[in-house]
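2 protein chains.
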Amino acid sequence: MLVDMSLKEFYQVLSSDSPAPGGGSVAALSGAMGAGLVSMVCNLTMGKKGYENVSENAEKTMARSGSLGQDLIGYIDVDTNAFNEVMAAFKMPKETDEQKKARSAAIQEGYKAAIRSPLTIAEACLEIMELADGMLGKGNSNALSDLGVGADMAYSGLKGAVMNVEINLPSIKDETFASDTTKKISSLENRGAVLAARIREYVKKGGQA
Amino acid sequence: MLVDMSLKEFYQVLSSDSPAPGGGSVAALSGAMGAGLVSMVCNLTMGKKGYENVSENAEKTMARSGSLGQDLIGYIDVDTNAFNEVMAAFKMPKETDEQKKARSAAIQEGYKAAIRSPLTIAEACLEIMELADGMLGKGNSNALSDLGVGADMAYSGLKGAVMNVEINLPSIKDETFASDTTKKISSLENRGAVLAARIREYVKKGGQA
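Taken in order, these protein sequences are the chains called R and P. When we follow our numbering, the leftmost residue of the first sequence carries the number 28, and every step to the right adds one. When we follow our numbering, the leftmost residue of the second sequence carries the number 28, and every step to the right adds one.
Calculated directly from the structure, the hints in this document are not laboratory data. Don't take every hint at face value.
No copy is singled out in the list; a pair is fine if it fits within one copy or between any two copies.
[As the list claims (entries may be wrong)] In silico lysine-lysine, DSS-like type, Cα no more than 25 Å apart, as pairs:
(1) Lys35 - Lys139
(2) Lys165 - Lys87
(3) Lys118 - Lys232
(4) Lys231 - Lys211
(5) Lys35 - Lys211
(6) Lys121 - Lys232
(7) Lys75 - Lys211
(8) Lys231 - Lys139
(9) Lys200 - Lys232
(10) Lys139 - Lys87
(11) Lys118 - Lys76
(12) Lys76 - Lys35
(13) Lys139 - Lys200
(14) Lys210 - Lys231
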């Protein structure tokens, strides 16, 4: 499992001439790091002196960021598997008509899985950004830059996941699936950009909104 | 060492109520993942059929992205150590005038180290973005989204590192150091934004520049 590799090992296997793991797994990792930083800021806020009235919000936020982070840690491997599924489908026999049909269906199913996986990553990343946004002015002020970096890692995860959706979209023959997906990624990217700009601005001003 | 932790363990220690590792180490990790993806795209280009005339460029790019990636992997731990240095300085005795002076100097030195470290991370991340930019139209087209994700991870590393510089700047008493640093981070951010937008646009169009 990729998640059991050390940071150093993962970096090495990423750099290698194997196409997997690639951008999809890195997008999931980026989102998980974002969730981890949001959780850390919550941990540094909950029950701390001067933060009594925002403690409950931090606790609720952490429950959710912890859950999303775990999901994303899992997606580091799932995304690489989805990619391998497409590769495997392409290697299916294509001599008889029946084989051609089965192969083509398996390829389409593989591409859909290779789209659903980063789409789920992008949705989780956007939710982490919403959580970070909800912590502005309500978190330990010494950890403001960590909240900013966390939001930005989630934003990178979102954008990376969207690029992985886009790259597979032209291979999809199901038009409804394709147009629904296009709408979803456009909405995710737009909302992500709004949150990223707002959080960055807040951190730059040192928390004076 | 943080870099010897598994992805899963690093995520857990990041989420915890300890302020270190925090955003600085994550910025270095993000940059390293960017470098890893750029190296992977180079590896998928070098010596491959149809990429003969860009093979040499890919090889040169990989030598540099490999070196920057290794540096950044190292900075995952360095950045956390720099933060711990400031924390340690604050705990120095402050009873006599001499102790106060030594403590104050150690705190200032700690803050400067805590600025120099993310500044180096930001510079390495910008160079990774330049390398990714130089690979546009010259890399394996099947790995275009990986190049896009790689550039974005480096951009996130750059922005995260800059936030870590900013958060420590108000504590610096040396005005020349402070104004030089402000100029540097502003220039890094501006160039990063230009490259990020150009690379994103190129990937969105599927490589038709």
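**Asked** Tell me, which hint numbers fail for this structure?
**Response** Of the numbered hints given earlier, those the structure breaks are 1, 3, 5, 6, 7, 10, 12, listed in rising order.
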